[in-house]
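Build out the structure end to end from the sequences listed, making use of the hints.
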Amino acid sequence: MATTERTDRLQRLAALQAAGVQPYPARTRRTHTCASVRASFAELMEQKAPVVIAGRIRAIRGHGKSSFLVLEDASARMQVYAKADVLGDSYAQVELLDVGDFLEAEGMCFRTKTGEESIEAHRVAILTKTLEPLPEKWHGLTDTEIRYRHRELDLIANPEVRAIAVWRAEIVKFIRGYFEQHHFLEVETPILQPIPGGANARPFVTHHHALDEDRYLRIAPELYLKRLVVG
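Mind the numbering: the sequence shown is residues 22 to 252 in the working numbering, read in order.
What the hints contain is simulated information worked out from the structure, not anything from laboratory work.
A couple of the hints might just be wrong.
Simulated pairs of lysine to any residue, SDA-like, Cα-Cα distance not exceeding 20 Å [claimed, not checked]:
1. 104 / 135
2. 69 / 151
3. 69 / 56
4. 86 / 127
5. 247 / 204
6. 104 / 141
7. 86 / 144
8. 69 / 104
9. 194 / 204
10. 134 / 102
11. 134 / 87
12. 194 / 179
13. 134 / 59
14. 247 / 184
15. 104 / 133
16. 86 / 120
17. 86 / 143
18. 69 / 51
19. 104 / 144
20. 86 / 131
21. 194 / 96
22. 104 / 146
23. 134 / 107
24. 86 / 100
25. 194 / 208
26. 86 / 102
27. 104 / 120
28. 247 / 212
29. 86 / 129
30. 86 / 133
31. 104 / 132
32. 247 / 214
33. 194 / 95
Between beta-carbon pairs, the in silico distance windows are [said to hold, decoys possible]:
34. 201 / 105: 50 to 58 Å
35. 193 / 243: 18 to 26 Å
36. 131 / 49: 21 to 29 Å
37. 240 / 193: 17 to 25 Å
38. 203 / 149: 39 to 47 Å
39. 169 / 24: 51 to 59 Å
40. 167 / 144: 33 to 41 Å
Ideal Cβ placement from N, Cα and C applies to all residues, glycine included.
Take a look at the structure:
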């Protein structure tokens, strides 16, 4: 199944390239995150101000010559409405998109008949063509072995795992800010050391070929920090 889907995606990649589309551009013109669009949606819709968002496609619903796409960035999700009579020849790109691809969409804010906050695209640009299918949509990634061996899939499929990464970054940021506020100095100590520290802990040993010496993976920074204090 995955092999067949990969083959199909490779064919769509080839079709994009044959049409002169760069499927892996170096830059994006993004002006807003999905969250910032949602936060100012009423104002943006009233002003008819164009916005440019970019994100991973999490869902595609095609309806003849129009499609709804759900884009997700690091902040939130946003629905994009793409119509062939608005996009013209560029709509051919939409027909070659897959769930998991990264897309840039530029357009105006509007609400659908059901009240869903959306962007009607007048320009789209593919940012990354994904060749592998994402984990199954509804049940996520539950196999523990796959989760630990393929952390990238775990992050894609499980929002709570992404949240942990964000929380950790915020905690480190707070701790670093506290120490900077109190005039502490952040320093680095060697990761590979000539003498193992860490009391009775068994160290990881590797060999430095250029020096022809064994090196030990740092267990604790204590010894070098003491030398630093003395200095």
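Q) Which hint numbers doesn't this structure obey? A) Hints 2, 12, 14, 39 are the ones this structure does not satisfy, whereas the remaining hints hold.
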